[in-house]
Amino acid sequence: MPDLGKYADAVLSAYGVSSLLLLLLVVFTLRKGRAARAALEAVEKRKNPSG
Amino acid sequence: MKALLIRDLTLAFRAGGGFGLGLAFFLIVTVLVPFGVGPHSALLSQIAPGILWLGALLACLLSLDRLLALDWEDGTLDLLATSPLPLEAALSVKALAHWLTTGLPLVLAAPVLGILLALPAPGFFWLVVSLALGTPALSVIGTFGAALTVGVKRGGLLMSLLVLPLYVPTLIFGAEAARRGATGMDPATPLLMLAGITAGTIAIMPFASAAALRVNLR
Amino acid sequence: MSLWEYANPVRFLALSSRVLPVFWGLAALCLVSGLIWGFFFTPNADKFESTVKIIYLHVPSAMMAINVWVMMLVASLIWLVRRHHVSALAAKAAAPVGVVMTLIALFTGAIWGQPMWGTWWAWDPRLTSFLILFLFYLGYIALWEAIEDPDTAADLTSVLCLVGSVFAVLSRYAVNFWNQGLHQGASLSLDKEENVADVYYFPLLVCIAGFVFLFLALVLYRTGTEIRLRRTRALQAREVRA
Chain A
1 MPDLGKYADA VLSAYGVSSL LLLLLVVFTL RKGRAARAAL EAVEKRKNPS
51 G
Chain B
1 MKALLIRDLT LAFRAGGGFG LGLAFFLIVT VLVPFGVGPH SALLSQIAPG
51 ILWLGALLAC LLSLDRLLAL DWEDGTLDLL ATSPLPLEAA LSVKALAHWL
101 TTGLPLVLAA PVLGILLALP APGFFWLVVS LALGTPALSV IGTFGAALTV
151 GVKRGGLLMS LLVLPLYVPT LIFGAEAARR GATGMDPATP LLMLAGITAG
201 TIAIMPFASA AALRVNLR
Chain C
1 MSLWEYANPV RFLALSSRVL PVFWGLAALC LVSGLIWGFF FTPNADKFES
51 TVKIIYLHVP SAMMAINVWV MMLVASLIWL VRRHHVSALA AKAAAPVGVV
101 MTLIALFTGA IWGQPMWGTW WAWDPRLTSF LILFLFYLGY IALWEAIEDP
151 DTAADLTSVL CLVGSVFAVL SRYAVNFWNQ GLHQGASLSL DKEENVADVY
201 YFPLLVCIAG FVFLFLALVL YRTGTEIRLR RTRALQAREV RA
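Protein chains in written order, with the UniProt record's numbering: chain A, 1 to 51; chain B, 1 to 218; chain C, 1 to 242.
These are calculated hints, taken from the structure and not from any lab test.
Hints may be right or wrong, so weigh each one.
Claimed, not checked - Derived SDA-like pairs (lysine to any residue); straight-line CA-CA distance at most 25 Å:
id	chain 1	residue 1	chain 2	residue 2
1	A	LYS6	C	GLU49
2	A	LYS32	C	HIS85
3	A	LYS32	A	VAL43
4	B	LYS2	B	PHE19
5	A	LYS32	C	THR42
6	A	LYS47	C	ASP149
7	B	LYS153	C	ILE141
8	A	LYS6	C	PHE39
9	A	LYS45	C	ILE141
10	A	LYS47	C	ALA14
11	A	LYS6	C	THR119
12	A	LYS47	C	VAL10
13	B	LYS153	C	GLU148
14	B	LYS2	B	LEU100
15	A	LYS32	C	VAL19
16	B	LYS153	B	ALA81
17	A	LYS32	C	ALA237
18	B	LYS2	B	ASP74
19	A	LYS47	C	THR42
20	A	LYS32	C	TYR201
21	A	LYS6	C	THR42
22	B	LYS2	B	PHE124
23	A	LYS47	C	ASN8
24	B	LYS153	C	ASN8
25	B	LYS2	B	ARG14
26	A	LYS47	C	ILE78
27	A	LYS6	C	TYR201
28	B	LYS153	B	ASP8
29	A	LYS32	C	GLU49
30	A	LYS45	A	ARG31
31	A	LYS32	C	THR152
32	A	LYS45	A	ALA35
33	A	LYS32	C	THR232
34	A	LYS6	A	LEU24
35	A	LYS32	C	ARG11
36	B	LYS153	C	ALA237
Treat the numbers as computed from the prediction; the structure is a model and nothing was measured.
For reference, chain A alone in the conformation it holds in the complex:
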C-alpha cells in the first residue's frame, strides 16, 4: 500500500466511487443482456418447437 498522506480519503473515495459506478454499469448491462437472450430463445423455441 503506497503512502497516500493526508489526502488518503480523497484518493480512496475517488477510486471507490468510480469502480462502484463502473461495476454497476457492467453488472446491469450483463444482466439485461442475459434476460434478452433468454427471452429471445424462449420465443424462438415456441416458433418452431422442433428446432
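Chains B and C: place on chain A using the hints.
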C-alpha cells in the same frame, strides 16, 4: 401564412386560449422570489436581472405544451402537413404566434416587475432590449421541443427536460447582458452574441422542428 | 467487403460475439494494469501530493464522456441517412455508458476539488459544461424511454442528438464567456510542453486505452441486447397476430 397566424392569435386570445397565463406565472414567480431570499433591496437589486430572465424563460416554457398539442389532438397538424405550405414555414408562423402571445407580453411586463425587485435604474432599458432579442429564440427552440414530444402523452415534463438544456446559451447571454446593463458595464458583447443565437435559431430550428414533426405525423 | 455489411443484425451479432471476448479482456487488462501502475507505482506530485492519482480516473472518464456523445452523433447521422437499425440501437446502447462516464468525471473532480480548490463544486466553465452534458444525456435517454414505436423513437432521438450537439458546443462557449475558470489546462495535448510529466503520462495512456476498450465492449454487448429485445418483440407481435 397570414391566415394561420391570425387563426393562432385569435385562438390564443379567446377564453381558455391561455393568453395571460404566462404573464400571471411571471408575476407570481417574481412575487415569490423576495419571500424566498428575503426582502433586502440590496440583494434583490443584485439578482433582479437574473430572476427576471429566469422567470420569463419558465413562463415561456410553461406555455409551450399548448403550442402544438391542441392542433395535434384535433387533427389540424395533419391538415397543415398536407397543405401546400411547407411545414417549416407553418412551424415558423406558429413560433411567431407563440412569441406574440407569450414572449412579447413578457418583454413589456418585465420593467414593471423590475420595480418590484428593485432593479437599478440603468438596468431597465437593457433588460427590455435583452429580453426582446432573446425571447424569440426561446419560442423557436420551444417549438422544436414541442414537435419532438407532441406524440407523447403527458409530455410536458419530458419536454421541460429536453428544452431547458437547449435554453442554456440564450439564458447565459441574455442574463449577462441584463446584468451588465444593470451594473453600468457595457452590455454590447453579450447582446451581440444573444442576437446571433436568436438569428441562428430562427434560421435553422424550423427545419429541425419540421423534421421531428414529420416523424411524429408518420 | 465493406463496413456496411455489419449493418445486417445477424452479421453484426456474429462479429460482435467473436470480438467481444477480446475487448472485454483488453479492457480488464488495461484498466487493471493501468490503475495498479498509477496507484502503486507513481510518485506523489509536489503540489497535489497523492491526489494526483485521481487523474487516472478523471481524465479518461471525462474524455469518454465527450467521445461517447460524438459516437452517438455519428451513429444518429448514419441512422438518419442510411437507416440501418443497428446504428440507431448502438446510439441507444451508448447513452447510459456516457451517463456513467460523465458521473465518474464529475464525482472524481468534486473529490479532487475539495482538498485542492477548497470546494466540491465551482461554476467553472469546464465543470458547468459537463453538468450541461449530463442533462443532455438525461434528456436523450428520457426521450428514448417515452416513445413506444422504436423507429419513431430512433428518428426523434437522432434529431435531438444533432440539435443537442450544436447547442452543447454553443453552451461550452457561452459558459466560457460567462465565468473564468479554476480548472487546470489540458493534461493531454499534442503540444508536449503542456502535458503532464512522463511518469504520469504513460500509466494515464494505459488507463485511457482501458476506458476505450471497456466502452467498446459495453456498446457492442448492449447493442446486441437491444437487437435481441427488438427481435423478441417482433416475434411476439407475429405470434399474437397468428
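Against the structure, the hints:
Restraint check for LYS6(A) and GLU49(C): the C-alpha separation of about 9 Å stays at or below 25 Å, so the hint holds. Of the supplied pair hints, the one linking LYS32(A) and HIS85(C) holds, its CA atoms being roughly 20 Å apart against a limit of 25 Å. Restraint check for LYS32(A) and VAL43(A): the C-alpha separation of about 17 Å stays at or below 25 Å, so the hint holds. As the CA atoms of LYS2(B) and PHE19(B) are separated by approximately 20 Å, the hinted pair is consistent with the 25 Å bound.
For a cut-off of 25 Å, the pair hint linking LYS32(A) to THR42(C) is broken: about 38 Å separates their Cα positions. For the hint pairing LYS47(A) with ASP149(C), the CA-to-CA distance comes to about 24 Å; that is within 25 Å, so the pair holds. Straight-line distance between C-alpha atoms of LYS153(B) and ILE141(C) comes to about 17 Å, which keeps the hinted pair within the 25 Å bound. A C-alpha spacing of about 16 Å is found between LYS6(A) and PHE39(C), which places the hinted pair at or below 25 Å, so the restraint holds.
Among the hinted pairs, LYS45(A) with ILE141(C) is inconsistent with the structure: their alpha-carbon atoms are about 32 Å apart, more than 25 Å. With a CA separation close to 22 Å, the supplied pair LYS47(A) and ALA14(C) stays within the 25 Å bound. Taking the CA atoms of LYS6(A) and THR119(C), the gap is about 17 Å. The hint holds against a cut of 25 Å. Distance hint between LYS47(A) and VAL10(C) is fulfilled; the C-alpha atoms sit about 18 Å from each other, no more than 25 Å.
Distance check on the hinted pair: LYS153(B) and GLU148(C) sit about 11 Å apart at the alpha-carbon level, within 25 Å; holds. Distance restraint check for LYS2(B) and LEU100(B): the Cα-Cα separation of roughly 14 Å lies within the 25 Å cut-off, and the hinted pair is therefore satisfied. For the suggested pair LYS32(A) and VAL19(C), the alpha carbons sit about 20 Å apart, so the restraint of at most 25 Å is met. Restraint check for LYS153(B) and ALA81(B): the C-alpha separation of about 21 Å stays at or below 25 Å, so the hint holds.
For the hint pairing LYS32(A) with ALA237(C), the CA-to-CA distance comes to about 21 Å; that is within 25 Å, so the pair holds. Restraint check for LYS2(B) and ASP74(B): satisfied, since their Cα atoms lie roughly 21 Å apart, inside the 25 Å limit. For the proposed pair LYS47(A) and THR42(C), the alpha carbon gap of about 58 Å is over 25 Å, so the pair is violated. For the hint linking LYS32(A) to TYR201(C), the alpha-carbon distance of about 36 Å lies beyond 25 Å, and the restraint is violated.
At roughly 17 Å between alpha-carbon atoms, LYS6(A) and THR42(C) fall within 25 Å of each other, so this suggested pair holds. About 33 Å separates the Cα atoms of LYS2(B) and PHE124(B), which puts this hinted pair outside 25 Å; it is violated. Distance hint between LYS47(A) and ASN8(C) is fulfilled; the C-alpha atoms sit about 22 Å from each other, no more than 25 Å. Distance restraint check for LYS153(B) and ASN8(C): the Cα-Cα separation of roughly 33 Å exceeds the 25 Å cut-off, and the hinted pair is therefore not satisfied.
For the suggested pair LYS2(B) and ARG14(B), the alpha carbons sit about 18 Å apart, so the restraint of at most 25 Å is met. The suggested pairing of LYS47(A) with ILE78(C) is violated, with an alpha-carbon distance near 33 Å, which exceeds 25 Å. Proposed proximity of LYS6(A) and TYR201(C) is supported: the alpha carbons are some 24 Å apart, at most 25 Å. Proximity of LYS153(B) to ASP8(B) is assessed by CA-CA distance (about 23 Å); at most 25 Å being required, the pair is judged to hold.
Pair hint LYS32(A) plus GLU49(C) does not hold up; C-alpha atoms about 41 Å apart against a cutoff of 25 Å. Straight-line distance between C-alpha atoms of LYS45(A) and ARG31(A) comes to about 21 Å, which keeps the hinted pair within the 25 Å bound. The hinted pair formed by LYS32(A) and THR152(C) meets the criterion: a straight-line CA distance of about 23 Å does not exceed 25 Å. A hinted pair counts as satisfied when its Cα atoms are at most 25 Å apart, and LYS45(A) with ALA35(A) qualifies at roughly 15 Å.
Restraint check for LYS32(A) and THR232(C): the C-alpha separation of about 14 Å stays at or below 25 Å, so the hint holds. Distance check on the hinted pair: LYS6(A) and LEU24(A) sit about 29 Å apart at the alpha-carbon level, beyond 25 Å; violated. Note on LYS32(A) and ARG11(C): the hinted pairing holds, with a Cα-Cα distance of about 21 Å set against a maximum of 25 Å. For the suggested pair LYS153(B) and ALA237(C), the alpha carbons sit about 23 Å apart, so the restraint of at most 25 Å is met.
The structure does not agree with the numbered hints 5, 9, 19, 20, 22, 24, 26, 29, 34 stated previously, though it agrees with the rest.
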